[in-house]
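Undergrad: Residues -23 to -1, 1 to 134, numbered by mature numbering (1 follows the signal peptide of the UniProt record, and there is no 0), are exactly what the sequence shown covers, in order.
Each hint should be verified, as a subset may be incorrect.
What the hints assert, rightly or not - Distance condition first, Cα-Cα at most 20 angstroms in a straight line; then the derived DMTMM-like pairs of lysine to aspartate or glutamate:
(1) Lys113 to Glu86
(2) Lys71 to Asp29
(3) Lys85 to Glu39
(4) Lys100 to Glu58
(5) Lys9 to Glu58
(6) Lys85 to Asp64
(7) Lys113 to Glu58
(8) Lys100 to Asp29
Since the hints were derived computationally from the structure, they do not count as laboratory data.
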Amino acid sequence: MIRKMTTSLFVLFLVGTGSISIASAISNQPFKTPDTKQSEQWKVELDEVKYDSKMSRPIKRENEMYSLKIINVGKEVYDVEFETYRDEPNTKTKFGLSLQEQRKDVFKEGMNVHFANFPIHVKAKTFEVEVSWHDKPVNIKNGREFKQTFTFTRPND
C-alpha cells in the first residue's frame, strides 16, 4: 500500500513538473519576427538572425538572438543616435543594451544601420529602439532635436 502511494506521488510529481516546464516555455515565447514598426521618418525591422560561422549563438534559457535594421524613410536628418533597451523584470527601469550607434553627419533618405546579431534576455517582455536626431546640422542655429521610440512586445501567453 505504501509502495503504491509512493509511486502515485512520484508520478504526480513528474506530471506536475512537466506541466510547469511547459508553462515556462510558453511564457517565454520569442519576439514575433519579422516585425516592423514605422513612422514618417523611420522604419525599424526586428527579424531572425542569418548566421555565419563568426557570429555568436544564443545561450539557452538566457537569451535569444535577433537582427535589427533601422532605415531612414523620411527626409535627410543630422546627428542621428540609436539606442536600445529592454525591460527589467520586477521594476520600471529599462536596461540599456549594447546596441548604440551615432552618425554625426547627414543621414539621408534610404540610409540604414543594421545590427546583424544581438541578444535579448528571455525574460524581457519589451524591447525598445530609441532614435534621436536633428533637423539641421548642429552647427546651424535653430536646429531642433527630435526623438522617437519604437516598442516591440512579446506575444501574450
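Undergrad: Mind listing which of the numbered hints don't hold for this structure, in increasing order?
TA: 2, 3, 4, 5, 6, 8
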